Every structure is written in C-alpha cells, then in structure tokens.
Amino acid sequence: MTKFVWLIPILPLIGFLINGLFGKRFSEKAIGWIAAGAVGAAFVLAVSIFFEIISMPAASRSVQTIVYTWILSGDLNISFGFLVDPLSMIMLLVVSGVGCIIHIYSIGYMHGEYGFRRYFAYLNLFVFNMLILVSANNFLLMFVGWEGVGLCSYLLIGYYYEKKSAADAGKKAFVVNRVGDFGFLLGMFLIYVTFGSLNYLDVFPAAQEKLPYAGELVTGITLLLFLGATGKSAQIPLFTWLPDAMEGPTPVSALIHAATMVTAGVYMVARCSVLFALAPASMTVVAVIGGATAFFAATIGITQFDIKRVLAYSTISQLGYMFMACGVGAFASGIFHLMTHAFFKALLFMAAGSVMHAMSGELDMRKMGGLKDKLPYTHWTYLIGTLAIAGIFPFAGFFSKDEILFYSFERHVGFWIIGATAALMTSFYMFRSVYMTFYGRSRVDHETAHHLHESPFIMTIPLMILAFLSTVGGFVGIPVFEGLNRFDAFLAPVFAPAKQIIAHGAHHGHHNVTLELVLMAVSLGIAIVGLLLARHLYIVNTSVPDRIVEEYRDVHGLVYNKYWIDELYDFLFVNSIVNFSRFLWKRFDESVIDGAVNGIADLTRKWGNRISKLETGLVKDYALSILIGMVVIIGFLVLK
Amino acid sequence: MVTLHHYLILSAALFCLGIFGVMFRKNLIIILMSLELMLNAVNLTFIAFSRYLGSIEGQIFVLFIMVVAAAEVAVGLAIAVAVFRDRGSINVNDINLMKW
Amino acid sequence: MIPSPIQLPELNFGGILPALVLCLAGLVIMIAGLFMKRYAVAMSTAVSAAAVLIALAVNHPIRHMSEAAFSGLIALDSYTWFFNLLILLATGLTVIISGRYLVDDDLNLPEYFVLLLFASAGMMFMVAGSHLLMIFVGLETLSISIYVLSGILPHSHKSKEAALKYLILGGFSSAVFLYGAALLYGSTGSGNLTLITKALQTGAPGLTAKIGMALLLVGFAFKTATVPFHMWTPDVYEGAPTPLTGFMSVGVKAAAFAAFARVFFEALPSMQITWTQILWIIAVVTMILGNFAALIQENIKRMLAYSSIAHAGYILVAMVAGGEAGAAGMLYYLLAYTFTNIGAFAIVAIVGRKGEANLMLDDYRGLGRSNPLLALAMSLFLFSLAGIPPTAGFVGKFTIFTAAINSGYYWLVIIGVLTSAVSVFYYFRVIMKMYMEAPLKQAESIQFGAGMLFALTISAAVILYIGIFPTRYLGFAVESVKPLF
Amino acid sequence: MDRFPYLTLLTFIPLAGAILLMLMNRENKIAMRWVALLFMLVDFALSIVLYFNFDVGSAAMQFVEKRVWVANWGISYFMGIDGISLFLVLLTTLLGPIVIVASWNDIQDRVKEFLICLLFLQVGMIGVFVSLDLFLFYVFWEIMLIPMYLLIGIWGNPARRLYAAIKFVLYTIVGSLLMLVAILALYIMAGKSTGVYTFDLLQLYQFHVPSYAQFWMFLAFFLAFAIKVPMFPFHTWLPDAHTEAPTVGSVVLAAVLLKMGTYGFIRYAIPLFPNAALELTWYICLLAVIGVIYGAWVAMVQLDVKRLVAFSSVSHLGFVVLGMFALTVQGVEGSIIQMINHGLSTGALFLIVGMIYERRHTRLIAEFGGISKVMPLFAVFFMIFTLSSIGLPGLNGFIGEFLVLVGTFKVFPWFAVFAASGVIFAAVYMLWMYQRVMFGELTNPKNYNLKDLSAREVAVLVPLLIFVVWIGVYPNTFLAPMEPSVKNFIQLVETKRSAISNAETTKAAEVGNSGSLTAYLSEIR
Amino acid sequence: MEAVMFYTLAAVSLISAILVVSLRRPIHNVLFMIITMIGLAGLFILLHAEFIAMVQLVVYAGAIMVLFLFVIMLLNLDQLPLDLDQRSSKAWMGIGLAVYLLIFLIPVAMQFTSIATKPPAVPAQSNTELLAEALFTTYLLPFEVASVLLLAAMIGAVILAGKKTPGNVPEIVDKRRTY
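Chains as they are written, first to last, in the numbering used here: chain A, 1 to 640; chain B, 641 to 740; chain C, 741 to 1225; chain D, 1226 to 1750; chain E, 1751 to 1929.
Read the hints as simulated data drawn from the structure, not as lab findings.
Any given hint might turn out to be false.
No more than 16 Å apart at the CA atoms, straight line, and that leaves these computed lysine to aspartate or glutamate pairs for EDC-like [what the hints assert, rightly or not]:
| no. | chain 1 | residue 1 | chain 2 | residue 2 |
| --- | --- | --- | --- | --- |
| 1 | A | K613 | C | E1177 |
| 2 | D | K1291 | D | D1425 |
| 3 | D | K1254 | D | D1331 |
| 4 | D | K1598 | D | E1666 |
| 5 | C | K1222 | C | E807 |
| 6 | D | K1712 | A | D75 |
| 7 | A | K163 | D | D1331 |
| 8 | A | K164 | D | E1666 |
| 9 | A | K586 | D | D1529 |
| 10 | D | K1671 | D | E1583 |
| 11 | A | K606 | C | E1038 |
| 12 | D | K1598 | A | E162 |
| 13 | D | K1676 | D | E1583 |
| 14 | A | K499 | A | E410 |
| 15 | C | K1094 | C | E1184 |
| 16 | A | K367 | A | E410 |
| 17 | D | K1598 | A | E113 |
| 18 | B | K739 | C | E1038 |
| 19 | C | K938 | C | E1006 |
Cβ-to-Cβ under 7 Å is the rule here; a few derived chain A residues that face chain E [stated by the list, open to error]:
| no. | residue |
| --- | --- |
| 20 | E447 |
| 21 | L624 |
| 22 | V631 |
Computed from a prediction, not measured in an experiment: that's the story for all the values here.
Even glycine gets a Cβ: it sits at the ideal position worked out from N, Cα and C.
Whenever a hint applies, use it, and build me the whole structure from the sequences.
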C-alpha cells in the first residue's frame, strides 16, 4: 500500500487538471465535488497507509518509494520519490484531512463567486504541492512543493486580482517567501556539497560523522534552512506577508495561512531535527526567534479590530510557539501543536468566514456584537476554537501548548516566561474577539442586520467536524504520564537521533512529573485570567479599552501599526533598490555605457568630417599633399 | 672640373623650381609649364647619367619623355581651353566645384 | 663609313597580341566612327566587346609562357596573363556598361571606346613591362587616355574639372616617377628590372637607389590612390563618367598595383625592409583615412571613391605582408574587387540616369521597393566591399589578413579589421537607404538594357561563386605570382 | 562520409525554401507563407529524425560530414554535432515554424523579403551550431548578421529601428572581426608549429597554444562572444535591438542568436584556450554575476514590457555564462539546459508581448492592467511562461538555474550566493510586471474588448509550453544525451590546460592560481 | 673650357627657369622657358647627346612652346592679373618643402663625386646612329606604343578642345547632409 503513496499527491493534481482543462462546461457543484473528492480520496488513501504503518514494528516505520529519477547530472542524482514515516504520515493526514474539509466548506462559501473553477483548480494544485512537500524523500523535491505552495498562495491571495491590495498582497507573499527560499536553496547547496546527496536517507544518518557537533558548517546549514522556514512560516523577520495574505478568500486563509502551508517551516525544521540538534547555536536561534515572534505577534493581535487579522496574528504567534518547541528540542510537541493548531485555527478562520458570510463581507469587529443568537452554530464552533487556542482544559490546545511550555521551562525559564505571557495575551485577544463578535449589544447596521443569516449546512458541518477534532484532538497526546502520550511515541523513531544528540550534548534532567503538573495548573490559570480580563474589558465596562488607548496613545499606535515593520522594510529594501535600479538604468546603462558607445560613433563621424575637409577641391593643395608625402619619405630615407 | 654631380645638382634645382612653379602659380598654363620644367630636369639627369655610365639607355628614356611631354601638353592645353570656355578662367583656385 | 645594317631582334608578337587586338579595334572604331553618325556607339560597343573577347582568347597562351620578349622589355608570364585577364574583364564589363550609359545620355562618342581600348592596351604593356621605360610608356598611354576620358562629358563642368585635376597631378606624379627612374637608372646602370636586381644584389643599396625607389613608390602610390597621394581620387571619380570611374577604380588600380608589385618584388627585394616600413605607414594611414572620410559622404560616387582608397590600403597590407602569400592575396583581392566595384558603379550609373542626376545617397531611398533587383545586386556588391561572407570580398580580405599575420603584422591586421568595421557603417548605410527609408520623390522603376543586366549578373554571380569556391582562383593567384620570386 | 548527410540538409533546406520564395510572385502572400512554413516544418521533422538517430551514449561528434573545401588553406566543409549542440539545433528548428506562424498576420509589408530573411537566418543559425571548421563557423556567424539587420531595420517599429539595427550590426561586427584576427593567428600559429595548416576544430583542439598567446586570442574570442551573449558591459545593444525589432525578430534574437555567444564559449573559446580561460574565469564569473543582478534590477524599473524582457535576458544569460565557466558537470549541463530554457521561455514571452502588441500597438506597462479579465486564456499562458522564466520548480527554468547554481557553488560559493539572490529579483520584476499588466482593475477603455488568443496563437504557444513542462518534469531526456559530451569537454579542457602549464614550467607561477581547479574537478569525478 | 661652358649654360637655364616660374606675364614665361630649353640643349651637347639636343630644340623649344604661345594668344590670357599665390600660406609651405627636397637631393648628387668622375671615352659611332639602332631594335616596342599614345593624345585634344559646350551653365548643386 505504501508504494501507492505517490497517488496521494497525484490525486489532487488530477483534480486540478480535470477542472483546469475541461472545467469550462462543468457546473459549480461538479467542479466543487471533483475537487473535494480528489482530496478526499487522497485522505482515504493516507488513512489506509497510516493503518498499514502503525501495523508495522516501530523501527521499520519508514518506507521510501522512488517513482523515477528526476535529475541525473554527474554525481547529482535526485529522484522523484516519497518517504513515508510517522512525521510525513501525520502531515499527510492533517493536510489531506483538513484540506478535504475546507474544500467542502468552500463549495458553500465560494458559491456564485466569479472564477469558481479557478478557485478550486488552485486549491487542488495547492494540496498537490503541499502533499509533495510533506511526503518528498529529498530536499529538492520538498523545495518543489515548497515553492509550489508559495505559488498557490500567491495565486489564491491574489484571487480577487482586481483589488489592487489583493494583487499586491499576493506578490508580497511570493517575494518574501522567495527571500526565505533563497536561504533554503543555499542550505541545500551546502548539504549537497557536504553529503553529495540531497536524499534524507543519505543525509540524516550520515550527519553525525560528516558534521562535527556545533561546527560552523552545520550551524550555517541549519540557519540557512531556518531562514527558509521563517519565510514560509511567517516568523520574524519575514512575517509581514501573512497579515496581508488575509486578502484572499477566507477558506484559503484557513487552509493555507493557518492549517497547512505556514506550518511547512515547522515541518522542515522537524524533518531536519538531526541537523538542528547538531547545531545548538541554531537551536537557540530558533527558540528565540520563535518565542519573540510568539510574543510580538500576540501584542499586535491585541490591538487589531479586523477579525481575520486577529486570527492572522494569532497564527503567527502560534507558529512562534511551534518553533520555540523545536528550538528547545521538543520536536514532537511542536508537531503536536502543529496538528492541534491546524484543527482549531482552521476552525476559527472558517467560523470567521461564516460570520463574514453572514455579515456580507464585514470584518471589523467594532461593527459586530451580539451575533450569538443569529449564528448559533458559528458561535459555538468559534467558541470551541477559542477555548482550544486559549488552552482551556480539556480542549486540544491545552495539551499541546502545555507540553511546549513545559519543555521550554526545562530548557530555560526565560522561554517559559515569554511563552506564558504570550499565552495570556492569546487567550485575552481571542476572547476579546469572541466577546466583540458574539456578545454584548449588537453594533450591526440595519441593512446588514436584516439579512443576517446562519450559513448553510455545507459550511457549518465542516465547522462542527473541526470543532469536534479540536475538542478531542488533544487526547492522542496526553502528556505527563508516560505511555499515554501516543503521539510522542508514534513520532519517537523520527526524532530519536535528535533527542539522543541533544541529551548527549547538554545535560538533560529526567522527566519531572510534579513540575509539569504545576506548570499545567499555572498556564490554565493564565488562560482563565485572560478570559476574565477580556470579559471585564469588553462586556462589563467597555469604556476602559478606549481609555487605555487614550493613556498610552503612542504605545498603542506603535503596536497597532505592527511596529511599522512594513514601512521599515519598504524604506530599507524596496524603495532603495528600486531607486538604485532606476539610477543604474538611466545614469549607468544609458549614460555611461551607451554614452561611450554612441560617443565613439560620433567621434568617428566627427573625424571623418575633419578628414574629408582636407579635400579642399584646390588642385594645388592636392599637389602639396603629394609633395609632403614625397618629402617626408625622402627625408626619412636621407636622415635615417 | 665638371663632374656628374654638378649636373645632378643642377637638375635637382630645376626640378625643385618646377615644383616651386606648381606650388606658387595659379595660372593653369604656367603650372603646365612648370611641369615641363620638371620633366626637363629629369631629362638632364638621364642624359648626365647616360653620359657617365656610357649607356645609351638614358637618351632613349629622354626621347620617350619628350614624346610624353608633348602629349601631355597637348591634352593639358586642350583641357585648359575647355575649362576656360566653361568658366572663363584658368585660375586653378577658381576650379573647385568638387570638394570634401 | 657605311653603317652596319640593323638586324631586328626576334619579335614575339604572340605575347602582345591582346594589346594589339585592342589597339586595332580602336583604330577600326575611330575610322568607322567618322562615317557613322547614328549607330556609332552601338557599333563601337559591339566592336570593342568583340575585341575584348578575341583578346581574352589570344591572352590564354601567355599563361604558360615564361620569357622576356622584345629584348627583355616585357615579360610574358603567368603574372602578365593574370593581369591581362583582369584588365580585359574590367574593360569588357566597362564597355558593356558604357555602351548603355552613352546611349542613355545620348552622347555620340565613338572616341570614348577608342580611348578606353587604348587605355587598356596601355595597361597591358604596363603590367607586362619588365623595363622601367616600358612601364612608363604604358603608364602614360593609360594616363593620357584616362585624362581625356574623364573630361569627355561635354555638358559637365565636373567632368572637365576632373580632367584638369587629374592631368596636373598626373603630370606631377609622373615627373616624380621619372625622376625616380632616372636615379635608379643612374645607380644601377639600367632600367631593366632583372639588371637592376643584379646590380643591387651586391652590397647594401646606395642612397641614390633608395631615393629612386622612394620616388617610384610615390609615382605608383599616386596611381593606386593611397594616402597622401590620393587627393585627386574623390574629385576625379566624382567628375568622370560613372562607367569610367568604375574602370579607373579597378582597371587603373589593378594595372598600377601590378607594375608596383612587379617592380618592387622583382627588382627591389634588396630594399624590401625599407619600402615595407614606408608601405606599412602608408597602408595604415590609407585604411584609416579612406574609411573615415567615406563615413560622411553623401554623394555615392565620392563615397565609393573613398572606399576605393581604403581598399587600396588593404591591398597595401598584402604588399607589406610580402612573400608569395601576400602577392597572391593581392591578386585575389584585385580579382574580387574588380567585379565588385564595377558592379557597384554599374548600378550607380543606372540609378544616376540621364546626366548623372541622382548621385546622392538619398536618391537610393526606397530602391528596395521600386527596383528590388537593383537593390539586391547593390546589397550584394556592398556586402562584398564590406567583406561579409560568403562574398569574394570576404575571401579577399581573408587572404590578405592571413598573409599579414603570417608575416607577423598583427597591428596592421587589427587596424585593418577595425577600419573595415567602420566601413561596414557606410556600406550598410546605403542598404539602409535602399530598404529601410521611404523614397523622397516618386520612385519609378528604372529601365536598363540587357547589356547592363548581363554585366550585373556576371559580376554578382562571379562574386558569389569565387566567394564560395575560391580554391581554383586562389590557385591562379598563387601560380601567377611565382614569376615575381 | 557515405552516411546520409543530415546536417547539410538540415542547414540548407531553409536556403532551398528561400530560393523558391525568390521565384514566387510577391502578391501571393498566403502561398509564400505556406511554402516557408512547409520548409521549416520539413527541417524540424528532419531534426527530429536526427534526434532519434543520435547515439546518446557517445561523447564523439556524430553525423560528421567532412569534405575538403579550400584545399590551399586546409579549410574543410566539416560538420557534426554532439550532445552540446544537439539541443541547440533542435531548439532552432523548433522555433523555425513557430516564428513563421507567429508572424502570419503580424507582417503584411514585404512578406516575401521577410520570409526570405527568416529562412536565411535559419540557415546561418543552424550552420553555426553544426560547423566544426573555424572558417565555416565564421562564415555562418557573419551570415546571420544580415537577415537580422534587415529584420530589425525594415520591419522594426518606425521610431528607432535604424539606430537599433546599425547598433546591433556594429557592436557584433567589431567583436567578430577581432575574433577573425584571433582565428587567423591561431591558424598560423598552429600551422607553423605543426606544419599542418588547418581550420579543423578538432585538430586545433589538439594543438597547444602557448599561454601568453592564449591570453590575447581568448580575449578576442571572448569579446566577440561576450557581445553576442551579451554579457554585462557589452549588453546595451540588446534592449534596443529587442525593443525595436518585430516580434519574431526579438523571438529569434532571444531564443537562438544569443545562444551563439554562449555556445561559442563552450565550443571554441574555452577548449581552444583553456589556460587563458581558467586564468580569467574569476573575472568572467564576476561579470556574469553582475549581469545576473544588474539585469534583474534594471529590468525591475523598465516601463516597456519588451525592454523588461530584454533585460531579463541579460540576467538569465548571466546564469548561463556562470555555469559554463564553473566547469563542473552540473554547471555546464545546467548552462546548456538554461540556454534552451531561455530560448523557450523568453522566446515565448516575446511572442506573448507581440500578441498583445498586435492588439494594442503599445508595450508600455502603464497602458495595461486588468487584462486577465478580458483575456483569461492569454493570462494563463502568460502566467506559465512568467513562472518558467522566474524558475519555478516543476518548470524548465528551475532545473537550469538549480544545476548552474549547484555547479557554481562547488567552485565559487560566493558567486553562487549572489547569483541565487538574482532568483529573488527575478520573482520581483516578473511578477510585478505581470501584476501591472494582467491584474488590477480594467481601467484603460482601450483594453475593454481585447480578443482572447486565437487558435493560431495558441498553436504557436503550445509547443513551447510542452517543452517548458517537459524539461521541468523530466529533464533527463535532455541531460542524458549531453552528459558524455560535457564530461568529455571538461576532461579536454582540464587535460589540455595541465599539459600546457606543465610544458611551461617557467610559467607555472602565473598559471598556478587557476590550478586549484584540479581539486574541484577531482572532487567531481 | 668645359667648365666655363657648363657654368654659363647652367646659369642661363637656371636663371631663366627662375624667371619662368616667377614672372607675371605668360608671354614672358614662355619666352624664358624657351631660353631654358636652349640652355639645356647646350648642356646636352656638352654631354655628347647631340641628337637629343637637336630634338630638344626642335620639339620643345619649337613645337611645344609654340603650342603654349598659341593657346595664350587664343584665350588672350596675357592681361591676367598677377597670379602669384603669395597670400596662401599653403603655397609658401609648398615652397619650403621644395627647398627641403632640394636639400635632401643634394647629398644624393654628392654620392657621385667619388664614382665616375671621369666619363668614359666618347664612342666611335655617332650618337644619332647609336640612338637610332637602339630605338629600332631594342626599344622597338615602346616606340610603337608611343604612337598609340600620341594618337590617344591627338584624339583627346580634338575631343576636349573641339566640342563646344553650351553657354547655359547648369547651376552647381552641393547637396550635403550630415547623417
């Protein structure tokens, strides 16, 4: 069965081709179901393979399938092949599963949109690339998927291409990603030059003897790879594209910019766990960046009013969490959080989408409120999602997040503090969004108010499924008690070498149960505090926030405007390069080089003119020139 | 005692005088005359050499030079006449329709 | 006392038959011309053409001769043969073109052909001459005829002016030439090339001989129109009747170069170092000056005049290169150049139309539309002049540059190629006018007779043929220069 | 030589077509177009046959035809192809019919001359790729010039075509004339030392030019090829030529003519003068990298689509040269692949620009916007080729760039790094241009009712599209045949270089600094 | 004796030559030209080239110069203004160069002070005979060719001087445009 793994990505591709080439004369329904069906089929296949995998002994749960040799040049041999192991298995399931759900949701959401077919074609293409990314057996193929998803996000963000902002956002996303990919590419080169191969199974096992622990080379490799990750997963310094990416249709935000694509970076880091483990410096960098992102994104999230942007920043900060997890060596926890986050963040986005759908496109939470009765399903699902992300027991987020906090505490208490603060803010702004949207008195204007309606089932059912998942999803990895943590156990073979290196590198205390329990309690408390705070500020006396804003106008301004990072980048890179290029073009290309060329031409012509002016038409002058020539020659001979 | 080089110097002088004429006069006719003068200088050289080499060849040369000179003068004067008819002048400095 | 009876030396008339045929034809035309009024030109054209054909036929045996006929005054050898051939081809084409030209301008001038034939006879004597005297007489026969021919257009001031300038300067230069001959004669005791060689073999050449050489060089340089002895060229070329200009630019040049090479390679090898130095400089100056001045010309005849100066420069490169390779290169180049330039001037004549009214480059605008055939042919000739493969011009330059590099004159070659890059500009400018610019006045399609068509076709075909399959003709060239060494 | 003369036919079939056209009546445009198309197709078919008879395994020259041409000078009519030239020939023959079809409606004035020019151009281009005799090569090299000159000058757009045309010619001819000098010098030098005067390339490969002479000769060749490529400081003719030329003119120019330069490096400059080449490698790679970035940056700020694409060519060809001079298997193969890629995608982009130019008669980006609303199909094609040109994985561009970068990274890591940054800028300028042209609101009323692609135009683009995807997905079809030749090429260069530098022990000092290459190469093998 | 003769004749021809190129009235130029010729003829006789001397007198001093006179009279050029080219710097430059040429040529002449100062004995045969013999045997061909030359010159003279050109002078156009 595993040898059919290549079918998993291919199925969506087929869907893409069918819709793309022949979709013209299909009905919306047909298109939608073809697309969803393709992904669904992929999901089914993935599940069946999953069961086959777990039926295997833990040691041999890594199967490579090579379809054909892709690039063969000199000693460079890159195959078009797949690697099925617990890690990629989980990613496959998440991607295809969540992807399928979102496809179904989209059928309802995108109903009647211009370019319905285009939408689903792109969506299928995205899933194809994403699956390639997660199931590839070598870096280059992963890079294919990596760039592919970048492309699809570009296309889907720019889906409403007639909106300039949308088109710009798309371009921004692609270009910023490219910056990351640049790092990824160089990392690959280094790997290739060191290992002579890009295949995981050649690289990782050989890593320990080829690369000295904490050596410059491995540090360089990992940092470059991490640069790639920051681009894809919107971490500092390359996070600016994700908020803008919300220009795309909401399901797209749900699928690409919450559930799957943005987590690719995490996946990649986890995939290279061995390399990272060998480079403690890089680990620290990853952890710090992750923590910082988690924190800063959260602060921004607090101030936003656009519901989708709130979610976007929360995504960034959650991704920060995942990286922090990887950075502190808890790769499994990172992946765990990745999964749960996929559930509840997709849920949140889609719920928000449903709100939008109801509010006829309105996103500003200040214009909402009191929607809970009008949109019951949406309200409940959104609430579940919030609970999950805030980390309230027993929802999914609780387990994954606390695991991360625990490990970061073990690594260094500073990480824990950052994480905890971020968690506080997270629960605060999430509940803030809940309250502003669904509770309190309605601030909806009339005409939107009177055709306010709950979304059709085709949209709400996916919400419910996800709500269910984000409720129970956590139980696959109950921490604390060894053995109950199935998830860890399942991933163990993948991360074993990394763990062992880390253990061998830095001393690593034994698993401290009581400490973990304490921390759990604390963070649960934090979450509740956040909840209450939000309730106090946005339900009890709603005047306070404005007063706070008044108090700390400039601080708020700074945060509200995302620390002016975008403006900074524009000033630093975009404008300066554009101006410099203009200078090159006009001043250098056209003035200097062409100037020289034309100058030579003119000079030649000028001399031609001068010379032919010698031809005065006076026969005596001609005789003179003969005489001159004669005398010169004779003089030359006589005087020589 | 007169020797070869006296003749040579004389002819050189005449030759240069011919050039002088070509350079210094504007009248076509006189320029033609100066050319004749140059040819005569050459003749003198030839004769002198033929004398001192004791070979007749030089004199043969001279004969032919005279023939050619005659021919050139004929044609030259014909041209002079034609040009004079055209332009009413044989001042070579007036004759510069074609230049550059 | 009773003078001892003169016994004539054995005279090999076979060797000078081509020239004789032409002279004879000249006489026939002259006499017939007196009695014919209406068809004089047609008649003369026919007769001259026939004469040229016969001459070509009788020229053939010379190829395999190798003797000094007429008591060593002329050399009958493959070199002579080659240049006779060249001259006859040039004459033939010129005759055909001129016939049409004179008819178009309704000039009833049979004398034109007489002089043309005499001129080419003179050339033949010049190239065959292996004695300074012979060369001189041939040269003068040629020159006198050309002086007259260039002034022959009755209604044209420019023509007269051309004749005047050419005559004065020609006289001047031939005086110089003679002075050189005299000095050489004085220092070697003879005007016979072989004897000169012998005389100069012993010891270093004296100053007199060197000066003599220099003055001869000036004389030849004048005829071959190389800087700074070139000044007459643009004016005379512009003023003279177009077909004749073509003839001058190839025939006279070829003959002059032939004699030049014969004298310098055969008689003055002992001074080769000296005259190579001089020629090196002259070549460089000529190439640069010719091409640069041609850049800005607006009158196509002047432009071609300057271009022909430049080409003289390239041929000098061959002479500088020296050796069989260089000489052979020169011969091949002249062969290529003959057809190319005559063709080009034929088109100038056609486009010029009555009274040479359209000589400006702007008159060529839109020719590609109105007369595609002419434009095509012209482009071909221009490509050949610019030395773009696969035309003969390219092979010519190629031979010359190869020879030069073979003798190690890298800089000469580099200057050569750079200047020919410059030349591309003005040659392509004409193409630009023909194909890429709209005509100023109403462009009508020009009628030109079968004769012209024939001449053009021949030239074009030959250019292409010897450009693509040069082997045989290179063979000729190599074989023909053997006698010089 | 009793084999079937593929290459001769391949080269001269278009000529036959041209001659036939000359005899046709100029009024009868359609018929002439069909004739031209027919000949091009036959040529293409023949090249396909050629491809299938090509022995993939061998590094040797194949389909060799050798006849004495000019015996006096040892010039021979010597043709043959190996893995390096094979695909360039195929690319040329593929583009032949495409340009004819592409110009079907575009060109209405002087169709006869136009088609003849195209056919002549084809002859020249194929000739350059297949000739193995320096003289023959030079002849074809120069012949190409004229039809291109006419294409730009006659059918270019009125504004500055004359300037562009003459600029193109002079730029090129200066370089190639100096190259001629070098060729002659080589010929003489080899002849004098070996006694055999020949222009036969393979024999000259065996001749070891003393490195002091190599330097100058290489410079001459380099200049000629660098101008043709064009490499960074010599590129200014390109934007003009491209912008002023008619669509198919720019297509051919971009797709094939520019490859002459890069091909010249591989076939002539490097193997003939290895020492000089390797001494100068660093500087040349520097120029190439500058070209990559410079081209990208300047392209970014262009206002005219065609100019933008032209500058992007400068950038792309920087990659090609870089990989070539890295002299690693991946580098060289990458650069060959990249040549083909550039031919396909840039050619296609010029076609696309031409299509929209036909509709709107402007190429100013500002004039457009929101086109994809009215021309969805066009938008798709445009997008795909844009992506291929910015090197999206899965399409052809990526393979080439990746191989080049890998190959270079082994030798000059830093150059590779900077060149890789060019990948970012490529995304910037291409996507930005695409966005400004295709996206946004449909503001300009002139664009309201543009026709979407006609069947003919689709037919023009689809073949290119196929190859774009093919190379991206299964590059081995193209890599496998060139592998032996490339290895052979590197082998030749290296052995010859070391042979010469060993011979010149006195000169060891100068050559030493490039000696480190030995290490890299041994690392590869 | 010989020396005296030489110097007188040399002086005569030289002075008159100077006058030829410097006097203003063409008639005078011609007359002094004739005197130069005569002087040269004398020198020829000194050099034992009697026949040449005769021809010099008959052809040059006779025919050619008369031709000059004839043309001058025909076009009555005698009342021309002074045609010396004093104002042109080029003319002076030319003169300077001529002087240089002379200076350069003198050493050439000086080469022969040493060699062949003594002329060989005058041969028994008369100069004319020798000349005639050479001319009709060895130099037959140029002799014949010369006839062609003269014929050409004759025709030329006839055409050029003979044909009347119409009075109306086509205006001279000088189309010139810098590219």
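Hint-by-hint comparison with the structure:
A hinted pair counts as satisfied when its Cα atoms are at most 16 Å apart, and K613(A) with E1177(C) does not qualify at roughly 28 Å. The suggested pairing of K1291(D) with D1425(D) holds, with an alpha-carbon distance near 10 Å, which does not exceed 16 Å. The suggested pairing of K1254(D) with D1331(D) holds, with an alpha-carbon distance near 13 Å, which does not exceed 16 Å. Under the criterion of a C-alpha separation no larger than 16 Å, the hint pairing K1598(D) with E1666(D) is consistent with the structure, at around 9 Å.
Between K1222(C) and E807(C) the alpha-carbon distance is near 13 Å, which keeps this suggested pair within the 16 Å criterion. Straight-line distance between C-alpha atoms of K1712(D) and D75(A) comes to about 12 Å, which keeps the hinted pair within the 16 Å bound. For the proposed pair K163(A) and D1331(D), the alpha carbon gap of about 34 Å is over 16 Å, so the pair is violated. At most 16 Å may separate the alpha-carbon atoms for a hinted pair to count; K164(A) and E1666(D) meet this at roughly 8 Å.
Our distance criterion of 16 Å between C-alpha atoms is met by K586(A) and D1529(D), whose separation comes to about 14 Å. Our distance criterion of 16 Å between C-alpha atoms is met by K1671(D) and E1583(D), whose separation comes to about 13 Å. Restraint check for K606(A) and E1038(C): the C-alpha separation of about 15 Å stays at or below 16 Å, so the hint holds. Simply put, K1598(D) and E162(A) have alpha-carbon atoms about 8 Å apart, close enough for the 16 Å limit, and the pair holds.
Simply put, K1676(D) and E1583(D) have alpha-carbon atoms about 11 Å apart, close enough for the 16 Å limit, and the pair holds. Restraint check: the Cα-Cα separation between K499(A) and E410(A) comes to about 14 Å, which is no more than 16 Å; the hinted pair holds. For a cut-off of 16 Å, the pair hint linking K1094(C) to E1184(C) stands: about 14 Å separates their Cα positions. Our distance criterion of 16 Å between C-alpha atoms is broken by K367(A) and E410(A), whose separation comes to about 44 Å.
The hinted pair formed by K1598(D) and E113(A) meets the criterion: a straight-line CA distance of about 14 Å does not exceed 16 Å. Between K739(B) and E1038(C) the alpha-carbon distance is near 12 Å, which keeps this suggested pair within the 16 Å criterion. Note on K938(C) and E1006(C): the hinted pairing holds, with a Cα-Cα distance of about 10 Å set against a maximum of 16 Å. The interface hint given for E447(A) is violated, since its Cβ lies 72 Å from the closest Cβ of chain E, which is over the 7 Å cut-off.
The closest approach between the C-beta of L624(A) and any C-beta of chain E is roughly 5 Å, which is under the 7 Å cut-off, so the hint is satisfied. A hinted interface residue such as V631(A) counts as satisfied when its beta carbon comes closer than 7 Å to some beta carbon of chain E; here the least separation is about 5 Å, so the hint holds.
The structure fails to meet hints 1, 7, 16 and 20 from the earlier list, while all remaining hints are met.
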